[in-house]
Structures are given as structure tokens and as C-alpha cells.
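Start from the sequences, fold in the hints, and give me the full structure.
The listed protein sequences correspond, in order, to chains A and B. First residue of the first sequence: 1, per the numbering used here; consecutive thereafter. First residue of the second sequence: 1, per the numbering used here; consecutive thereafter.
None of these hints come from the bench; they were simulated from the model. Among the hints, erroneous ones may be present.
[Stated by the list, open to error] Stretches of chain B that chain A covers, calculated by requiring three or more beta carbons in the stretch to come under 8 Å of a beta carbon on chain A:
1. 56–62
2. 134–144
[As the list claims (entries may be wrong)] With a straight-line cut-off of 16 Å between C-alpha atoms, the simulated EDC-like cross-links for lysine to aspartate or glutamate are:
3. Lys282(A) - Asp272(A)
4. Lys277(A) - Asp353(B)
5. Lys277(A) - Glu332(B)
The structure displayed is predicted, hence computed values, not measured ones. We put the beta carbon where it would ideally sit given N, CA and C, even for glycine.
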Amino acid sequence: MAVRRPARPGDRKTDRHRERGGMNAHDEDSNAPHGRHGPRGTDRHRSSGATEVPFTAGAGETGSASARPEGRSRHSPGPGDGSGPVPSPGPARGGVAALSVPYQVGVALALAVVAVAACVHLGMVFLHVAPSNTVTKQHGKAIDDWIYPEFEQNWKLFAPNPLQQNIAVQARAEIAAADGGTRTTGWYDLSAEDGRAIEGNLLPSHTQQNALRRAWDLYGLTHDSDNRPVGLRGVLAEHYLRRIVVLRLDRARAAGAGGVVERVQVRCRVTDVPPPKWSEEKAPGAPEYRLLPWWTVPADEARGGVR
Amino acid sequence: MNRLAPAVSRGIGRVTEAALGPHQSAVIRIGFAVTWLLFLLREFPHRQELYGPDGPWSRHLAQQLISDNGAFTVLMWFGGRFWFETVYALAVLASLLLALGWRTRTMSVLFMVGVLSLQNHSVFVGDGGDNVLHLMSLYLVFTRCGQVWSLDARRAARVRAARARGERVPDRAGPVLWSVLGLFLAAVTAAGRVEGERFVPALLWAVWLGLALWWVAGRRARWSRPRVLLDAVADIVHNGALFVIMAEACLIYATAGWYKIQGSRWQDGTAVYYPLHLDYFSPWPALADLLSASGTLVMIVTYGTVLVQVAFPFALFNRRVKNVLLAAMMTEHAVIAVVLGLPFFSLAMIATDAVFLPTSFLLRLGDRASRARARLSRRGGRGPVGGPRSPEDTEPARVGFPA
Numbered sequence: 001m002a003v004r005r006p007a008r009p010g011d012r013k014t015d016r017h018r019e020r021g022g023m024n025a026h027d028e029d030s031n032a033p034h035g036r037h038g039p040r041g042t043d044r045h046r047s048s049g050a051t052e053v054p055f056t057a058g059a060g061e062t063g064s065a066s067a068r069p070e071g072r073s074r075h076s077p078g079p080g081d082g083s084g085p086v087p088s089p090g091p092a093r094g095g096v097a098a099l100s101v102p103y104q105v106g107v108a109l110a111l112a113v114v115a116v117a118a119c120v121h122l123g124m125v126f127l128h129v130a131p132s133n134t135v136t137k138q139h140g141k142a143i144d145d146w147i148y149p150e151f152e153q154n155w156k157l158f159a160p161n162p163l164q165q166n167i168a169v170q171a172r173a174e175i176a177a178a179d180g181g182t183r184t185t186g187w188y189d190l191s192a193e194d195g196r197a198i199e200g201n202l203l204p205s206h207t208q209q210n211a212l213r214r215a216w217d218l219y220g221l222t223h224d225s226d227n228r229p230v231g232l233r234g235v236l237a238e239h240y241l242r243r244i245v246v247l248r249l250d251r252a253r254a255a256g257a258g259g260v261v262e263r264v265q266v267r268c269r270v271t272d273v274p275p276p277k278w279s280e281e282k283a284p285g286a287p288e289y290r291l292l293p294w295w296t297v298p299a300d301e302a303r304g305g306v307r
Numbered sequence: 001m002n003r004l005a006p007a008v009s010r011g012i013g014r015v016t017e018a019a020l021g022p023h024q025s026a027v028i029r030i031g032f033a034v035t036w037l038l039f040l041l042r043e044f045p046h047r048q049e050l051y052g053p054d055g056p057w058s059r060h061l062a063q064q065l066i067s068d069n070g071a072f073t074v075l076m077w078f079g080g081r082f083w084f085e086t087v088y089a090l091a092v093l094a095s096l097l098l099a100l101g102w103r104t105r106t107m108s109v110l111f112m113v114g115v116l117s118l119q120n121h122s123v124f125v126g127d128g129g130d131n132v133l134h135l136m137s138l139y140l141v142f143t144r145c146g147q148v149w150s151l152d153a154r155r156a157a158r159v160r161a162a163r164a165r166g167e168r169v170p171d172r173a174g175p176v177l178w179s180v181l182g183l184f185l186a187a188v189t190a191a192g193r194v195e196g197e198r199f200v201p202a203l204l205w206a207v208w209l210g211l212a213l214w215w216v217a218g219r220r221a222r223w224s225r226p227r228v229l230l231d232a233v234a235d236i237v238h239n240g241a242l243f244v245i246m247a248e249a250c251l252i253y254a255t256a257g258w259y260k261i262q263g264s265r266w267q268d269g270t271a272v273y274y275p276l277h278l279d280y281f282s283p284w285p286a287l288a289d290l291l292s293a294s295g296t297l298v299m300i301v302t303y304g305t306v307l308v309q310v311a312f313p314f315a316l317f318n319r320r321v322k323n324v325l326l327a328a329m330m331t332e333h334a335v336i337a338v339v340l341g342l343p344f345f346s347l348a349m350i351a352t353d354a355v356f357l358p359t360s361f362l363l364r365l366g367d368r369a370s371r372a373r374a375r376l377s378r379r380g381g382r383g384p385v386g387g388p389r390s391p392e393d394t395e396p397a398r399v400g401f402p403a
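As C-alpha cells, then:
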């Protein structure tokens with residue numbers, strides 16, 4: 001399995017957002033090549049999505065005089081044992097039918113608008129999660145305008161293939177020691193720390209399971225193979241990873257007494273998960289490394305600016 | 001054709017006359033609220049590191065991303081530690097009150113604000129579970145999810161009983177809550193702190209206005225017709241939202257399943273082996289080894305997972321098959337919670353699945369819960385006033401317009 005493909009400018013993943021749902025540990029490239037990265041517009045100015053708004057009206061909270069009659073009692077199993085929704089209490093409140101025509105038109109209008117909004121929304125979500133296709137290529141901008149930022153989603157849970165590599169992020173620091181000298185620490189395996197924290201843990205924290213893992217993912221997706229950031233997210237990803245590393249090194253007291261972290265360097269080690277015992281696949285080769293350049297740590301960060 | 005017309009009109013009657021699935025919408029309300037509540041409590045010691053202004057994903061970084069993607073977060077309204085702590089505490093409180101069903105509509109909005117604010121600030125620490133909660137918190141706002149199993153339902157029953165006796169029951173908490181929240185929203189809007197996409201702010205204002213309309217309509221006797229209209233509109237919106245929630249669940253399973261089919265590891269029957277051996281998803285390595293000791297077993301689980309996920313949306317057309325698959329999926333999620341170390345993802349998915357539970361099952365569950373509660377309170381020595389409540393009493397009043 002290859003190390004994740006570095007990003008190219010124009011990649012959908014980097015230009016667009018794809019921020020949510022990162023537990024999936026999936027490996028898109030482990031399958032046959034596919035064309036998920038076609039260019040779509042990157043500009044995103046969105047209308048207010050106002051169509052969905054008005055229908056919250058009337059969503060009353062306080063108790064009301066128009067008491068709804070009691071529902072079916074539990075002892076009369078009705079048609080409601082089936083899937084999902086069941087009518088709540090029957091319509092004995094005078095009901096819509098008793099309304100005058102203008103009000104009935106209002107109800108009909110509300111019904112029409114809600115029905116259209118629900119269908120359009122579901123259509124948009126469907127196209128958002130579907131593979132790139134004729135419609136998404138033609139109307140990508142409209143779909144993204146509808147979906148982002150609040151309805152973004154990613155359900156490729158361990159799909160198309162589960163990730164088959166353990167990716168360990170490691171870091172070392174250059175320390176300005178108290179005596180005026182400079183020294184370089186050994187490599188700290190931050191992912192191994194995460195692993196130890198997760199082991200035997202019924203409730204792993206997002207700080208242990210997601211923070212570093214997804215920061216590295218983000219870095220990989222927003223940098224080219226020469227470690228040049230692609231777009232705003234590339235720059236943010238770099239700062240983010242650096243701040244995580246500084247925080248972790250600080251907790252490990254890497255700087256020692258009186259020392260200050262001046263620069264940090266990150267590398268990742270990619271090890272293929274050994275194939276199952278019962279399979280006939282051959283054992284994986286040696287781990288691969290990716291070494292990032294040294295990053296200078298701003299003074300306020302090094303002094304515990306990251307908490 | 002002449003059989004179609006009555007069917008259509010019956011359907012229209014159903015979706016305009018009642019908020020369907022009161023128990024299903026209540027159970028997902030409780031499910032999502034409790035999931036987020038437990039998550040916030042679990043991460044309480046790590047809240048600064050995950051969402052705080054000085055965490056690795058700092059306010060400065062978040063600001064740059066949010067000014068680009070326009071996502072909604074109240075954390076950007078003010079800087080500093082105090083505001084952050086306040087928002088976190090309110091998010092905890094809102095999820096607790098939503099689970100209890102106190103002022104359900106307002107709490108569903110505050111719950112959504114809490115979820116969106118924290119998640120949109122630090123979008124890169126989330127996983128699939130956060131994604132589910134994010135969407136469902138938005139959808140829940142449109143539902144009348146407090147019709148049963150809620151403090152609102154209890155209050156509505158009391159109000160009705162009092163009215164039947166000819167008493168007037170003033171409601172103070174509602175108007176106060178409404179005024180405070182409205183004033184605050186107006187103040188931050190006037191101060192120009194609400195930036196980004198207008199969808200969520202517009203939703204906040206719409207609910208606020210809707211609640212006002214509802215309150216007015218409930219007070220004025222000659223507003224009975226507008227009240228019926230508002231009621232019908234709220235039912236229609238609820239039914240639409242519940243439909244969207246169910247369809248969203250189907251999309252989740254369909255996407256997860258159909259993409260898996262295309263993967264070589266899901267085809268050769270080894271896929272399940274790999275996540276079990278990723279350092280980030282194997283809290284119990286010995287258990288993972290045990291589960292993956294047999295190649296045949298791994299293949300059965302691998303194929304079974306895909307089969308269930310792909311089949312689920314179609315199984316909705318048959319009640320019995322649907323229930324079998326539902327049980328299978330809930331079990332699988334419970335296993336995933338432990339084996340892959342994803343408790344909150346699993347809880348969120350189980351809560352999502354719960355929207356498809358049969359009403360009869362939910363009613364039995366409710367009965368059992370109220371009996372257990374009655375037993376507990378008897379044992380606690382403070383027997384309920386007026387003797388043990390009959391199941392009829394505790395059977396939540398499915399009435400009212402708790403929201």
C-alpha cells in the first residue's frame with residue numbers, strides 16, 4: 001500500500017473542504033484508480049438557504065389550549081407496531097378540515113414547501129455522498145453551495161478499503177539549553193503514546209484517537225510531495241501539526257530543566273499491517289519514512305502558549 | 001387512478017393532522033442528547049486541548065478556517081477563556097435539558113448551537129460520530145420531539161388538568177427564556193458578531209419568531225384558527241424532518257455499504273481484519289487477535305457487514321426483515337464501541353437506528369422504565385405522592401405541544 005498520495009493543486013480534497021467524518025481510516029488509493037478528484041468550482045458563496053427557514057414557525061413550546069386528545073392506549077395495538085412513525089393522537093381537534101379556505105390554502109402551501117425542501121435536501125445530500133457522476137460534474141457548485149458548511153458528510157466508513165498501514169507520527173526538538181548550548185533530542189513516537197493511552201481504554205478521548213491522526217491526515221492532504229502547502233488549509237495544517245507536537249513535547253518535558261524548544265521536526269513511519277496468518281500474502285517490507293523539514297517554534301508557543 | 005386519489009388525500013391528512021412517530025422522535029432526542037452529554041463530560045478534562053482558544057487548533061487558526069468556510073460557531077463571537085468555558089457549560093446543560101425534554105424546542109436549538117459551535121471550531125478532531133451528531137442536531141430542531149417522555153409532556157398534562165378544573169396556569173419560564181435568548185441574539189447581531197453563512201442565524205431567528213407566534217396564538221381565544229394552522233404547519237415540518245432523518249440514516253448505510261463493495265479487501269473477505277490491527281482502533285489487541293483468528297469468521301463478518309448495510313434501506317419495505325437487520329446493526333455497533341474503541345460513534349449510530357424501532361417495542365421499553373423508576377422511588381423511601389403511579393399515569397401524555 002502506498003503512502004497517501006500527496007495533494008496536487010486543484011485537488012478536490014484540498015480546495016474543497018472535506019473536513020468532517022475522519023474516523024474512517026480508509027484508503028482511497030488502495031483500490032483501482034478512480035476519478036474522484038475532478039475539478040469543481042472552488043468558490044463558495046452561499047445563499048441563505050432561506051427556503052428551509054420559515055417552516056419552523058408555529059413550533060410552539062408552551063402548553064396550549066388546543067389540547068390534543070389522548071392517543072391510542074397501549075392496550076390497543078394499532079397499525080403502529082410497524083416501522084417507524086405512527087400517528088400520534090387522532091385528529092379530533094376540529095382539524096384542518098374545519099378551517100376556512102384561506103387557512104387550508106396556508107396548510108397546503110406549507111405542505112408543498114416542506115415536501116419540496118425535504119426532497120431537494122435529500123437529493124443534494126445524495127449527490128454529495130455519491131461518487132462523481134454526470135450530474136455532480138454539471139452541478140457541483142450548486143450542490144456544494146447547498147451542502148457546505150453545515151451538511152457536509154462522509155460515510156465511507158473503512159471504505160472502499162480499510163486503511164492497511166499503521167501511520168506513526170514522531171517528532172524531535174532542537175533545544176536551547178540553559179547553559180547556552182543547543183542540543184537535539186531523540187525521536188518521540190507520539191502515535192505510540194496515543195496507542196498506549198487507547199489500549200485497554202473503554203472511552204478513548206478524541207485527543208488520543210483523533211487529534212494527531214487527523215492532523216497528519218490533513219497535512220498529507222494539503223501538501224505536495226515536497227512538503228509545500230497547498231492553499232490556506234495547507235498553511236493551517238502545518239501550524240496545527242506544529243502546535244500539537246510542541247504541546248506533546250512539552251508534556252514529555254523534552255526541553256529539560258531550563259531548556260527552550262526552538263525548532264521541531266516531524267516524520268512519519270508507515271508500516272504495513274502484516275497480513276492475517278491464514279492468508280497467503282507475503283509479509284510487508286520495511287517501514288517507510290517521510291521526513292518533514294525543521295520548523296521554527298514561535299517563542300510564545302514554546303513558552304506554553306499551547307494548552 | 002380512482003384508488004390513488006383517496007390514498008393521496010389520506011396521506012395528506014395524516015401528515016397535516018399529527019406529528020407522526022412521537023415515541024421514535026423522543027427516543028432519538030434522548031439518544032443524541034445523551035450521546036453528546038456523555039461525550040462532553042468525558043472530554044471535560046480535555047476540553048481546552050480540543051476546543052479551547054489556546055489549544056493546538058487555536059482560536060487564531062479556527063478564525064482563518066471559519067472566515068473561509070462560513071461555518072457557524074458562537075465561540076467566535078467573543079475571545080477568551082471565560083466565553084469558552086461558558087459555552088462548554090451551556091452545551092452540557094442544553095444536552096441534559098434536551099434529554100429530559102424541558103422546553104424541548106428551545107433546548108433543541110441550544111443543543112444544536114452547542115454541537116455546531118464546538119465542532120465547527122475544531123472540525124479536525126471529529127470523527128464519524130461527530131458528523132452524525134452535527135447533522136441530527138440540525139434536523140432535531142425541526143421536530144416535535146418532546147411529545148412524549150419529556151417534562152414538557154408532563155407539564156402539558158398538568159396544564160390541561162388545571163384548565164379542566166377551570167384554573168389558569170401562568171407560564172413564566174417560557175417567556176423569560178424567550179426574552180433572554182432573544183435579547184442576547186439581538187445584541188450580538190447588532191454588534192456585528194454573527195458572521196458567516198446566514199442559514200443557522202436565520203434558523204435561530206425563525207424559531208424565535210415561531211415560538212412568539214405560538215405563544216400569542218395560545219393566549220388569544222379568537223386566535224383559534226391561526227393556532228390550528230400553526231399546529232398543522234408544525235406537524236408538517238415535524239413529519240418532513242422525521243422523514244429526512246430516516247432518509248439520512250438510509251444514506252449513511254447505503255454509502256457505507258456501496259463503497260465497501262468496491263473495495264478489494266471487502267471482496268476478498270479480509271477487510272474486518274485490518275481495522276482490528278490499526279494501533280488507533282485496537283484498544284484490546286488480544287481480543288482483536290481472538291476475533292481474527294479464524295479466516296472464515298472474518299470473512300463472514302466482512303460479508304455480513306456489507307450485506308446488512310446495503311440491504312437496510314430496502315428492508316424498510318418489510319417490517320419483519322427490517323427489525324431483524326435493525327437488531328443486527330445495533331449489535332454490531334455495540335461491538336464496534338468496544339472492539340474498535342469508538343463508543344460515541346457507536347452510541348450516535350444506535351440512536352440513529354432507534355428512529356426505526358417499532359412503536360410496540362418502544363412502548364414496552366417505556367413501561368419497563370417507568371416501572372423501574374417507581375420501584376426505585378419506593379425503595380428510596382420517598383414514595384410518590386398519592387401512592388404508586390399506575391402505568392397509565394406514567395405513560396407520558398402524548399399530547400400537548402411541548403414543542
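To see whether the hints hold, each was checked on the structure:
no. : hint                  : result
1   : 56–62                 : holds (count 4)
2   : 134–144               : holds (count 6)
3   : Lys282(A) - Asp272(A) : holds, 11 Å
4   : Lys277(A) - Asp353(B) : violated, 35 Å
5   : Lys277(A) - Glu332(B) : violated, 24 Å
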